[in-house]
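Following the hints, put chain Z with the ligands in place on chain G, whose structure we already have.
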Amino acid sequence: MGIFSGFSLIASSIPYIINGVWTTLEIALVSAIIGFVLGVILSLFKIGNIKILAWMSDFYTSIFRGTPLILQLTLVYFATPQLIGYDISAFLAAIITFGFNSGAYMSEIIRSGINAVDKGQFEAAGALGVPYWSMMKDIILPQAIKKILPAMMNEFITLTKESAIVSTIGVLDLMRRAQVVAAENSLYFPPLIVSFAIYYVLVMILTILGRLFERRMSRSD
Amino acid sequence: MIKVDHLYKSFGNNEVLSDISLEINKGDVVAIIGPSGSGKSTLLRCINLLEVPSKGKIYIDNDDITTLNQRNVIKIREKVGMVFQHFHLFPHKTAIDNLTYAPIKVKQNSKDEAHRKAIELLKRVGLSDKADSYPSRLSGGQKQRVAIARALAMDPQYLLFDEPTSALDPEMVKEVLDVMMSLAKQGMTMAVVTHEMGFAKMVADKVIFMDHGQILEVAPPNEFFSHPETDRAKEFLEKVL
Ligand SMILES: Nc1ncnc2c1ncn2[C@@H]1O[C@H](COP(=O)(O)OP(=O)(O)OP(=O)(O)O)[C@@H](O)[C@H]1O
Ligand SMILES: [Mg+2]
Chain G
1 MGIFSGFSLI
11 ASSIPYIING
21 VWTTLEIALV
31 SAIIGFVLGV
41 ILSLFKIGNI
51 KILAWMSDFY
61 TSIFRGTPLI
71 LQLTLVYFAT
81 PQLIGYDISA
91 FLAAIITFGF
101 NSGAYMSEII
111 RSGINAVDKG
121 QFEAAGALGV
131 PYWSMMKDII
141 LPQAIKKILP
151 AMMNEFITLT
161 KESAIVSTIG
171 VLDLMRRAQV
181 VAAENSLYFP
191 PLIVSFAIYY
201 VLVMILTILG
211 RLFERRMSRS
221 D
Chain Z
1 MIKVDHLYKS
11 FGNNEVLSDI
21 SLEINKGDVV
31 AIIGPSGSGK
41 STLLRCINLL
51 EVPSKGKIYI
61 DNDDITTLNQ
71 RNVIKIREKV
81 GMVFQHFHLF
91 PHKTAIDNLT
101 YAPIKVKQNS
111 KDEAHRKAIE
121 LLKRVGLSDK
131 ADSYPSRLSG
141 GQKQRVAIAR
151 ALAMDPQYLL
161 FDEPTSALDP
171 EMVKEVLDVM
181 MSLAKQGMTM
191 AVVTHEMGFA
201 KMVADKVIFM
211 DHGQILEVAP
221 PNEFFSHPET
231 DRAKEFLEKV
241 L
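These protein sequence lines map, in sequence, to chains G and Z. With full-length UniProt numbering applied, the first sequence corresponds to residues 1 to 221, in that order. With full-length UniProt numbering applied, the second sequence corresponds to residues 1 to 241, in that order.
Worth double-checking, as some hints may not be accurate.
Pairwise CB distance ranges, derived in the manner of DEER restraints [to be verified]: (1) S133(Z) to S112(G): 21 to 31 Å; (2) K147(G) to S110(Z): 27 to 37 Å; (3) T207(G) to S133(Z): 30 to 40 Å; (4) K137(G) to Y59(Z): 31 to 41 Å; (5) K137(G) to N222(Z): 48 to 58 Å; (6) Y200(G) to N13(Z): 36 to 46 Å; (7) K3(Z) to I47(G): 32 to 42 Å; (8) D112(Z) to I47(G): 53 to 63 Å; (9) S218(G) to D112(Z): 29 to 39 Å; (10) L75(G) to D64(Z): 55 to 65 Å.
The hints are simulated quantities; they were obtained by calculation from the structure and are not laboratory data. Ideal Cβ placement from N, Cα and C applies to all residues, glycine included.
Here chain G stands alone, though its shape is the one from the complex:
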């Protein structure tokens, strides 16, 4: 069977695959928000002078960086019902795993951004009597985040692509839908290449949006 007849055979399923984009994006976006919030908190703990919080944050980060993501996901999805008797949905397991995992990476990115802010900024705020948390929120973090926008965009793109492993716990994302169509038709190349192309286009769009956003943010320089 030729490639083109293969495509025509699954033509009616192509919209079904494409619609997986929303699931993929939803997981990436919700996880990114969780990851960002967690990352900010963890990074503040890491640079703060409460030793136990700094240590806990470092430990948290090393756990998520030191184990395979797919194992983390499997553990959350299959072990949660057995451990706490809560029948966790695949989607919830996905955003928890990805959000918490991303928080670990994000905290390192944000910490490096905070360290890259001129020490004089801390002193100027301090000398004006600005309390620590206000200084962080209003003076330091906005400058830090501006410095790390490219790295954060990268993290989001990685998240979008890596989210494909949620297909292993049955979430109907782009990847999973391609597999479903493939199995139904016993035909692999056309459905997989469709999702392949969609991932690629998606990442290109995100890259361009990221650049536009960066340009906008750098107006005050």
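Chain Z with the ligands in isolation, oriented as in the chain G frame:
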């Protein structure tokens, strides 16, 4: 009045200030001069607790600030403003937002009130037209004038200057010194670390000469500049004058 009483400061084993005592009276301008590394910045930074003294006392209006808790440190910072060599304006805020931020956040001024005061202060330093400019759009001299206005926006009773003109191109030094001079005339109490001997001569009530973490001389400028007592001061003046 600021009174420093037998102050010591060490970084690790490096004693940077040793047995510093001095007084700055209300309305006085004190110029602090001395070679690089002599501890001038560290002394200034101890006075608003950006550095924590190792030993000794610092009194501001008779309150010992070396024993304060965090909340009261903020009270001291409201009272004692600081201007840095490298300005340290907030780059993501416009000139006027640089001025209004701390009064709103720290002194709980209303937005209107802070805004009104900021406009007035920008006028006072000759930068009314730059209110909406980001720091990156300002020249060095303009940045430093905004930084001075930002410190003034907190209504401080004392202003500390750490080499406010050292990072400026020569042609911009005067505009900053002019602002400082007019502040002095209006009775602001100021401690100024400076290499501008002309400014010290003309504006200071008292010159403090430091070397190797110690105060070697305290004298009115005409006395100090015409008859320095120590060899160190003589050497130093020969080099800079
Ligand atoms: N945070 C710090 N940690 C360790 N050493 C420091 C620190 N700050 C200052 N020092 C040391 O203290 C000494 C005095 O420094 P300080 O900046 O007070 O001198 P200065 O008189 O202001 O010099 P300059 O004219 O170059 O500004 C120097 O030897 C410096 O290396
Ligand atoms: Mg200095």
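The hints, checked one at a time:
1. Against the hinted window of 21 to 31 Å, the Cβ-Cβ separation of S133(Z) and S112(G) comes to about 30 Å, which satisfies the hint.
2. The supplied range of 27 to 37 Å is met by K147(G) and S110(Z), whose beta-carbon atoms lie about 33 Å from each other.
3. The supplied range of 30 to 40 Å is met by T207(G) and S133(Z), whose beta-carbon atoms lie about 32 Å from each other.
4. One distance hint, 31 to 41 Å for the beta-carbon pair K137(G) and Y59(Z), holds here, with the actual separation near 33 Å.
5. The supplied range of 48 to 58 Å is met by K137(G) and N222(Z), whose beta-carbon atoms lie about 50 Å from each other.
6. Y200(G) and N13(Z) have their C-beta atoms about 59 Å apart, which leaves the hinted 36 to 46 Å range violated.
7. In this structure, K3(Z) and I47(G) meet the distance hint of 32 to 42 Å, their C-beta atoms being roughly 35 Å apart.
8. As the Cβ distance of D112(Z) to I47(G) is approximately 36 Å, the hint placing it in 53 to 63 Å is violated.
9. The supplied range of 29 to 39 Å is met by S218(G) and D112(Z), whose beta-carbon atoms lie about 31 Å from each other.
10. Roughly 57 Å separates the CB atoms of L75(G) and D64(Z), a value that falls within the hinted 55 to 65 Å.
Against the hints set out earlier in the document, violations occur for numbers 6 and 8.
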